[in-house]
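Following the hints, complete the assembly by docking chain B onto the known chain A.
2 protein chains.
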Amino acid sequence: MSELNTDSDRRPDDQDTGAATYGLSDEIVQEIQNAVEQDEPDFIHAALEDWHSADIADLIEQLKPKLRAPFFQIMEGRIDPDVYSDLDENVRDELVEGMEPAEIAAFVSALELDDAVSVLEDLETEDQQEVLNEIPADERAALEEGLSFGEDTAGRLMQRNLIAVPEYWNIGQTIDYLRDTVDLPEEFYEIFVVDPRHHPIGTVPLNRAMRNKRDTNVRDIMDAEQRLIPVDMDQEEVAYQFQQYRLASAAVVNADGALIGVITVDDIVDVISEEAEEDILRLGGVSEDDLFGSILSTSRARFPWLFVNLLTAIAASIAISFFDATLEAIIALAVLMPIVASMGGNAGTQTLTVVVRAIATKELTSANMIRILSKETIVALVNGAIFAILIGGIAWAWFGEIRIGIIISIAMVINILVAGISGMLVPVMLEKMKVDPAIASSVFVTTVTDIVGFVAFLGLATMVLL
Amino acid sequence: MSELNTDSDRRPDDQDTGAATYGLSDEIVQEIQNAVEQDEPDFIHAALEDWHSADIADLIEQLKPKLRAPFFQIMEGRIDPDVYSDLDENVRDELVEGMEPAEIAAFVSALELDDAVSVLEDLETEDQQEVLNEIPADERAALEEGLSFGEDTAGRLMQRNLIAVPEYWNIGQTIDYLRDTVDLPEEFYEIFVVDPRHHPIGTVPLNRAMRNKRDTNVRDIMDAEQRLIPVDMDQEEVAYQFQQYRLASAAVVNADGALIGVITVDDIVDVISEEAEEDILRLGGVSEDDLFGSILSTSRARFPWLFVNLLTAIAASIAISFFDATLEAIIALAVLMPIVASMGGNAGTQTLTVVVRAIATKELTSANMIRILSKETIVALVNGAIFAILIGGIAWAWFGEIRIGIIISIAMVINILVAGISGMLVPVMLEKMKVDPAIASSVFVTTVTDIVGFVAFLGLATMVLL
Numbered sequence: 000m001s002e003l004n005t006d007s008d009r010r011p012d013d014q015d016t017g018a019a020t021y022g023l024s025d026e027i028v029q030e031i032q033n034a035v036e037q038d039e040p041d042f043i044h045a046a047l048e049d050w051h052s053a054d055i056a057d058l059i060e061q062l063k064p065k066l067r068a069p070f071f072q073i074m075e076g077r078i079d080p081d082v083y084s085d086l087d088e089n090v091r092d093e094l095v096e097g098m099e100p101a102e103i104a105a106f107v108s109a110l111e112l113d114d115a116v117s118v119l120e121d122l123e124t125e126d127q128q129e130v131l132n133e134i135p136a137d138e139r140a141a142l143e144e145g146l147s148f149g150e151d152t153a154g155r156l157m158q159r160n161l162i163a164v165p166e167y168w169n170i171g172q173t174i175d176y177l178r179d180t181v182d183l184p185e186e187f188y189e190i191f192v193v194d195p196r197h198h199p200i201g202t203v204p205l206n207r208a209m210r211n212k213r214d215t216n217v218r219d220i221m222d223a224e225q226r227l228i229p230v231d232m233d234q235e236e237v238a239y240q241f242q243q244y245r246l247a248s249a250a251v252v253n254a255d256g257a258l259i260g261v262i263t264v265d266d267i268v269d270v271i272s273e274e275a276e277e278d279i280l281r282l283g284g285v286s287e288d289d290l291f292g293s294i295l296s297t298s299r300a301r302f303p304w305l306f307v308n309l310l311t312a313i314a315a316s317i318a319i320s321f322f323d324a325t326l327e328a329i330i331a332l333a334v335l336m337p338i339v340a341s342m343g344g345n346a347g348t349q350t351l352t353v354v355v356r357a358i359a360t361k362e363l364t365s366a367n368m369i370r371i372l373s374k375e376t377i378v379a380l381v382n383g384a385i386f387a388i389l390i391g392g393i394a395w396a397w398f399g400e401i402r403i404g405i406i407i408s409i410a411m412v413i414n415i416l417v418a419g420i421s422g423m424l425v426p427v428m429l430e431k432m433k434v435d436p437a438i439a440s441s442v443f444v445t446t447v448t449d450i451v452g453f454v455a456f457l458g459l460a461t462m463v464l465l
Numbered sequence: 000m001s002e003l004n005t006d007s008d009r010r011p012d013d014q015d016t017g018a019a020t021y022g023l024s025d026e027i028v029q030e031i032q033n034a035v036e037q038d039e040p041d042f043i044h045a046a047l048e049d050w051h052s053a054d055i056a057d058l059i060e061q062l063k064p065k066l067r068a069p070f071f072q073i074m075e076g077r078i079d080p081d082v083y084s085d086l087d088e089n090v091r092d093e094l095v096e097g098m099e100p101a102e103i104a105a106f107v108s109a110l111e112l113d114d115a116v117s118v119l120e121d122l123e124t125e126d127q128q129e130v131l132n133e134i135p136a137d138e139r140a141a142l143e144e145g146l147s148f149g150e151d152t153a154g155r156l157m158q159r160n161l162i163a164v165p166e167y168w169n170i171g172q173t174i175d176y177l178r179d180t181v182d183l184p185e186e187f188y189e190i191f192v193v194d195p196r197h198h199p200i201g202t203v204p205l206n207r208a209m210r211n212k213r214d215t216n217v218r219d220i221m222d223a224e225q226r227l228i229p230v231d232m233d234q235e236e237v238a239y240q241f242q243q244y245r246l247a248s249a250a251v252v253n254a255d256g257a258l259i260g261v262i263t264v265d266d267i268v269d270v271i272s273e274e275a276e277e278d279i280l281r282l283g284g285v286s287e288d289d290l291f292g293s294i295l296s297t298s299r300a301r302f303p304w305l306f307v308n309l310l311t312a313i314a315a316s317i318a319i320s321f322f323d324a325t326l327e328a329i330i331a332l333a334v335l336m337p338i339v340a341s342m343g344g345n346a347g348t349q350t351l352t353v354v355v356r357a358i359a360t361k362e363l364t365s366a367n368m369i370r371i372l373s374k375e376t377i378v379a380l381v382n383g384a385i386f387a388i389l390i391g392g393i394a395w396a397w398f399g400e401i402r403i404g405i406i407i408s409i410a411m412v413i414n415i416l417v418a419g420i421s422g423m424l425v426p427v428m429l430e431k432m433k434v435d436p437a438i439a440s441s442v443f444v445t446t447v448t449d450i451v452g453f454v455a456f457l458g459l460a461t462m463v464l465l
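If you read the protein sequences in the order shown, they are chains A and B.
Residue numbers for the first sequence follow numbering that gives the first Met the number 0, beginning at 0 and rising by one.
Residue numbers for the second sequence follow numbering that gives the first Met the number 0, beginning at 0 and rising by one.
Just chain A, with the same shape it has in the complex (with noise of 0.2 Å):
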């Protein structure tokens, strides 16, 4: 495949694909893009035919923009509607633009309800009004239902879609009851019990379902006890209940109690990507994976993260501005204070990374947090100590006056143990006012670092060397 041929009716070869295993080769992109420039159906057709909607978004996400549409163009009528809610938001929003409502409405209806309900919610509500008027009504009321529920809860997670059956029933019953319905959920592990007023009292799984007889009742081999999770629970908790219970499937209820959706496992591996996703990126400054974002929205969303950025440095440049006597008596220490600032904040950012993940994940709580706080102040004196000597030592090396060698252990010390302690502090304190410690932290923490440190070390030195 290495060498194109092109002849409009050569084949891929199937070895070469490589979707079918480990996602995108870069070389069939490339394949794909040439003929989608030369305007070859064929073969695109015949390369695609058996790919997963999965690998066809990633290979729309991977095309030049201006060959995307083309590209739907040539794939008119055979694109499996999966592949909308596979695609990146920012691709799709794109995509999206260009479309009649009546063709997103097309594609919507085809999704399963958790899936529509995330296409459309991306939408602005008046577009979204646009398409929802193109879906029959039954749908759109499932729809419209599915949006009512707040972004990220349970509600918007949850499959409607579900067997329930009352709890005098058989396992015969049930069994006929799966085989006579038409409309059942996709995929199911487990048959919910429910009472007279539809309240869940038990599950069973599927597979302890077949391995009894017909006549067993369902509420002798029934699992009680459930974790049942209220539909307005946030989808971060929702992870949580499924992670620490190792959960396959729960029901999800409403204030009533009574059971109205289920949340299955393969829901929650997308909640934890993006939960973890979305504090990688908070940590770093980020608001949102805007790889495929366009240049000014890009340029938009960073800016804030470096306009805080701006004024904490400005703050810092005033802290050393104090002390400008000293640095024009003493230029070394020009050359040296960059040193403390930056090993504190880099102890700073170790310390508030383990302590924002100890608090995503419920570790870190206020039973012990005295002793983690300890330990983390007594590791930066550790720590503090040992790089206070080591830097102490070159500077009196470099500059050939103890005093500054001196000076400048005692300021690493301090600022070291400053940063252990507010990196410590600073998340614990925002959790505690509903801040998300990911998305604020990292600035604090640094502020405190930079300017404890330049000020330590500038203003040791003015006392002593002056």
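All the given hints hold, so there is nothing to weed out.
No distinction is drawn between identical chains; accordingly, a pair holds when it is met within one copy or between any pair of copies.
Each computed DSSO-like pair below joins lysine-lysine, with the alpha-carbon atoms no more than 27 Å apart:
hint, residue 1, residue 2
1, K65, K361
2, K431, K361
3, K433, K361
4, K63, K361
5, K431, K63
Treat the hints as calculated values from the structure; they're not laboratory data.
Here is chain B on its own, set in the frame of chain A:
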């Protein structure tokens, strides 16, 4: 429950334990802690009666370390072996150190294979062997085989216990087989169909098996297409497969293509969390989650990153020292120079965070690299220009010298541009060199932005102002 009653037959109020729905409350941890200190076994037994093993593990992590041994004494015979596999690795190591091999063997044998292997793999080789010697031969063989697969591979994640039926069976035979077999997996969602060489040729989801009549042949209702996981596939790649193709479970095959195990999506949930956690910690300069690590191991683990940072900070200082005459002449430069370096560091971190994630999620490939690099360059120029104007104006106003404003503006554009480009190229090159971009990108990028920031600013000043 807020007022503690010292009467030893008091019973905890179910409403208050909280663990059932939202993790541990600080109050209950405090109460159990007091009860351990005052040796009140009845209270503790009653309080923990219905707790899930994961909550007990969390409780143990929250307890003061010196109370953990007394807690185990009080709970003797009441600890579900799963508690050990749910425990944080650091805490488990500490507990296991005080145990006899026979005791460890007792709980290890009670765990599911994958959990047992993950407990054993954390032990020293010698202790591992001692524990294995205490385990009956047939179980030991399975554990030894589990340990023989590479760490973090599919082999370590899989369950050996699965349901495989020959292709000529019908649903009735399959159900009878399930009913007659005692040693079935605890949970399973699919039945594997195998050929005479035990190669998997398809899967039948349980719900489909239940919906079909007894005389239906499994071959006629199986999904022939399935994603096979080679036993030596890295767990990160396994997780990618599950996410990309929304798998509920997948067959694991050996080098000959024979079915040897199954991985289910609930095992993947932990892998995704672990891998994301690893990226978060590495980006923050921490090698592992050390919240519950000892002071010594935590200090030691954080040392290397700080040491590398010391070297790069010294490199930056050396760069500054070339301009000591300039600094001596115009002390305002010493005051302003950290701003340029700091803004570059932040802009670089933003880009590298997005790029590291995009590499991990396979969104960034050779096919779209040039496009994304161009975008990052333009974004850097846009934000660089805006911040150049801002800081230029501020510096001019502050020091009343327009040339300082112009110099800092130009240095700012240069450094933010370098930050954008290195934030993109450094992780990409590390990935090509098979180094995890999460662990090393940050130190390289900030070294570049520090040095370029100082040199551009002070160099321009030397040319223009002296």
